[in-house]
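So the first sequence is residues 1 to 222, counted in this note's numbering.
Derived from the structure by calculation, the hints contain no laboratory data. Check the hints yourself; a few may be wrong.
Said to hold, decoys possible - Restricting the straight-line Cα-Cα distance to at most 35 Å, the calculated cross-link-like pairs of lysine-lysine (DSBU-like) are: (1) 110 to 180; (2) 42 to 180; (3) 60 to 199; (4) 208 to 82; (5) 6 to 42; (6) 39 to 82.
What the hints assert, rightly or not - Quick list of the computed label-pair ranges, beta carbon to beta carbon: (7) 106 to 134: 26 to 32 Å; (8) 28 to 81: 35 to 41 Å; (9) 142 to 28: 20 to 26 Å.
Think of the CB as a built atom: it goes at the ideal place given N, C-alpha and C, for glycine as much as any other residue.
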Amino acid sequence: MQPTPKSESELLLRAQDLAGSTLGELAEQAGIIPPPDLKRDKGWIGQLLEWHLGAVAGSKPIPDFPELGIELKTIPIGYSGKPLETTFVCVAPLIGLHGLHWGNSHIRHKLARVLWVPVEGERDIPLADRHVGSPLLWSPSIEEEQQLRQDWEELMDMIVLGRVEHITARHGEVLQLRPKAANSRALTEAYGENGQPIKTLPRGFYLKTHFTAAILARHFIL
DNA sequence: AGATGATCATCC
DNA sequence: GGATGATCATCT
């Protein structure tokens with residue numbers, strides 16, 4: 001693991017230095033062998049980039065760069081130049097929602113400052129041959145935060161009202177709520193239609209691809 | 001082709 | 001189970 005960057009500019013500089021490299025090159029430098037594919041190693045690219053950028057490893061509920069308050073997100077890019085996948089942000093709280101609002105929400109904090117690192121993501125490109133792109137340090141604009149907040153409030157309203165099982169990925173313009181679990185047998189507690197506790201799949205907030213595509217596109221223009 | 005719902009690995 | 005890291009597999 002590389003030393004943790006002391007400043008935002010140092011982190012960005014280091015990320016820019018990775019641009020143009022292949023995952024095979026970065027894996028070799030880290031002393032690891034790339035898996036044949038990501039089927040059983042879905043977090044492999046993220047962890048490889050964490051190593052190179054000196055992120056704090058582990059499963060702690062803190063930013064990747066605690067001193068800087070920055071979250072690292074790798075994002076798979078297709079031949080179209082746009083994201084191939086939605087971006088997981090955090091697990092959605094389903095109970096104990098009293099006093100929760102956008103201003104103190106976990107998701108707002110997580111998205112306050114993000115280092116996006118695009119990586120070639122087409123499955124017909126061997127993992128080791130995929131290139132890392134130019135990084136982007138991002139905070140939501142006024143408009144972006146308004147969109148996020150509106151979706152979040154709509155989704156949380158449904159959760160509070162016991163309608164979590166009526167929510168589909170089609171709710172929300174830029175933010176969606178989808179299952180986030182090891183499998184369909186992993187259940188957690190939530191509010192039911194009549195306020196009674198029910199068991200349901202854990203859910204996560206995901207950024208839709210058109211939203212992250214716009215973030216990256218804005219970067220290209222500037 | 002793109003989006004949705006389901007799933008994989010690891011750590012605690 | 002829930003946090004971290006996400007992509008897979010299937011359907012439209």
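Broken hints, by number: 8 and 9
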